[in-house]
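Colleague: Spelled out from the first residue to the last, the chains are:
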Amino acid sequence: MTNYDAQEVVRIHQELRERLPRDPASRVEALEKILTEKGLVDPQSIDAWVEAYQDHIGPKRGAHVVAKAWNDTGFKRRLMADAPAAIDELGYLGRATGHLKVVENTTTVHNLVVCTLCSCYPFSILGMAPAWYKVAAYRSRAVRDPRGVLEEFGVEISNDIEVRVWDSTAELRYLVLPQRPDGTEHFDEDALANLVTRNSMIGTDRDLKVTALGEG
Amino acid sequence: MTNYDAQEVVRIHQELRERLPRDPASRVEALEKILTEKGLVDPQSIDAWVEAYQDHIGPKRGAHVVAKAWNDTGFKRRLMADAPAAIDELGYLGRATGHLKVVENTTTVHNLVVCTLCSCYPFSILGMAPAWYKVAAYRSRAVRDPRGVLEEFGVEISNDIEVRVWDSTAELRYLVLPQRPDGTEHFDEDALANLVTRNSMIGTDRDLKVTALGEG
Amino acid sequence: MDGAHDLGGQQGFGPIEVDSVSEPFNEEWEGREWGMAQCALTPELTIDWWRHCRELILPEDYLTRPYLDSWAQTDFATYIEAGWISLEEADHRGSLIEVDEPLDLPPTVSVEDILKDERNHAVRYHKVVESKPLFSEGQNIVTNKEGVAGHTRLPRYVRGIKGAINAYHGTHVFPDLSAQGKTTHQHLYSVVFACADLWPETHNSKDKVFLDLWESYLTEA
Amino acid sequence: MDGAHDLGGQQGFGPIEVDSVSEPFNEEWEGREWGMAQCALTPELTIDWWRHCRELILPEDYLTRPYLDSWAQTDFATYIEAGWISLEEADHRGSLIEVDEPLDLPPTVSVEDILKDERNHAVRYHKVVESKPLFSEGQNIVTNKEGVAGHTRLPRYVRGIKGAINAYHGTHVFPDLSAQGKTTHQHLYSVVFACADLWPETHNSKDKVFLDLWESYLTEA
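Chains X, Z, P and E are the protein sequences, given in the same order.
Residues 746 to 961 in our numbering are what the first sequence spells out, letter by letter.
Residues 746 to 961 in our numbering are what the second sequence spells out, letter by letter.
Residues -10 to 210 in our numbering are what the third sequence spells out, letter by letter.
Residues -10 to 210 in our numbering are what the fourth sequence spells out, letter by letter.
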């Protein structure tokens, strides 16, 4: 039974520090071995979860949502009003998107998403978070120097654009709706989706590139 | 020439991280080798400095100051009013004691010294700082939970005693004057000095033990 | 708690490795840890307790160990605190396992099961409660100056700062108490702060930072 | 700057190893570093600039590397920033040293020299200036709510907090500017804070914390 005893957890962390191997692979292997022998986890189910997030659940989903919002004003309206319901139409509702919120880039606004306290991320729609999203350098600086952070990503934000940083401190998760690039009037949803980068949906990319085949 | 360029120093730290060996002994060896070859340091002078702080300048000096203050009310008055001048009488004025301040324990007051921002310490009178004084655990907690810290040192402070924590944020350095133990009325200065522990002059020790020979 | 996890505005971490690649999993163990976190049986606990246990990792480890490794560390800690596995079992990496009463492990899942079932994992943390929200859109507020000793979701960089209500989100589970195993609900708001009010070097900035904050973190300005 | 060095009140570091022994030097390299710091020729710099360079060490290194090792790191950085040694020379650990113009290294010192000369190293940072101190003993003050982007000696845990003047220390070198190479002086005070005003869990405490703070860190309460 969980006792919610923080002092005890501090003691456990210290003990584990001495007792567990130092390399992450061995630590996780130990955890899987213990849980499996205890009958608390099924390694084949883990396999399936890895495959699900390796091959099926990833930023392509978010890109589809964005492309559909560009292409279908009714969907966009529903997405901005109630994102969980809208992505549910596409079968993308799931882990960490029960309180999804979409924030829209415009000519005068740029949005950037961070979680300074842990590394909250809308899994079911963007898959696993990129490594940079979880490091202290990004988490600490996104709220203090967002323009400097964007510069490191090669994104120059002119002074007349307002930067809005969304720090995911509650159970809401944020998806940035990037601007539709010019010259894509005749692109279908698939071609549009190909233009949408993962970073543009977090806000560390802004001006999407248009390629002949719509491959961004 | 020092340019006072913080951005450049950040870059240097990052470069050094990649370039310098990871173990401290090799790093310091590299520094000494470079400075010696550059003619910026004389290894024999380093030897002398090590010997000075190994064998001559240490907490025995502080203990002498404390014992003299217990035994000589004139000295104590001068010490409390102008500690640098008073310790200069004993030949102990030096590094980091130019603005020394003495704070006195009483039956109702206990003093504890810390430096939360770096690890400032009155070198010329207490020698090298103990390892625990410089670790994050002490620096972070001394100002937030001084009684908890003292408990870890085996010091129980009753509720009617006020704890005063001195965080050395400027160039002042603090020396705690512990209480003279009972039953030492006939001890001479040497015997008294033997009772004074290093920790009692930082404040992580309080009730000094009296032994038959005055050996604490 | 004022811990190493509370990173907003902390300085000195250097540049971001923006090109760190090979997602979704950089190494195999990352996938294993992620998968375990999704399908292992766990003692009854709240997400906020789990987060707090992650925050309680020693700062030097929190800042130096990979993200999903800190999940593994947190899983170990929550299992051990709940008495489901022992420190000795962790120590011997499985060779000493004692199973008292086998638990009812659900059948193996396939990728198809996962994809079909995913929408049921869109946890909703809100609840309709009778009380009326204290604040309304556009209203000026000031955040609490003080932290709390345990888990909280009011980061240090927005304590004692003036902001305004951007939107009302309804009532959500209150994390400070949820981390102690007590489920209560509180009005939640999107609150907007001017960067200029947060940092000494951004006084000319017109940029904004938005946080989702619970009602008891706020008072009328 | 809000860096990892600003440790007052940070939580999660666990117990203190109170018995860590074998001072003064636990290992030989500690003595060498200490000695070097005392007698090597250095470019002209201020103690506050050196401290700031130490604060700029990456947080994960600052929290995990031994104390005197961080001195060595800081020495390297200050020598390199001043152009006295190059990154390449640091890299090759001495094998590539180029000496442009040999400096005038003082004669070798003996222990006797050191002990005789020590009182001349009692640096005094104060200076008599004409301006009158703004505050007097017993007066209530409140500390600045905001930090500064560079070096400062107003720790984060006492920002925006009410306290009282305990004593006046005269005028001392102001570290925020000294860290930028500018020597100015400012009135310095011993300021007392109630623990009860600092931390959420100590509201019943009657304990006190004293800090030495410069006049521009304070305003009348």
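Hints listed in this document are in silico derivations from the structure and should not be mistaken for laboratory results.
Cβ atoms here follow ideal geometry from the backbone N, Cα and C, with glycine treated the same way.
Careful: at least some of the hints might be erroneous.
Unchecked claim - Example chain E residues on the side facing chain P (calculated, C-beta under 7 Å, incomplete): (1) -10; (2) 49; (3) 53; (4) 97; (5) 131; (6) 135; (7) 137; (8) 153; (9) 156; (10) 159; (11) 186; (12) 189; (13) 190.
Colleague: Decide, hint by hint, whether the structure agrees.
Modeller: Quick rundown of the hints versus the structure:
no.	hint	verdict
1	-10	holds (5 Å)
2	49	holds (5 Å)
3	53	holds (5 Å)
4	97	violated (39 Å)
5	131	violated (12 Å)
6	135	holds (5 Å)
7	137	holds (5 Å)
8	153	violated (18 Å)
9	156	violated (27 Å)
10	159	violated (27 Å)
11	186	violated (9 Å)
12	189	holds (5 Å)
13	190	holds (4 Å)
Checked against the numbered hints given earlier, the structure breaks hints 4, 5, 8, 9, 10 and 11 and satisfies all the rest.
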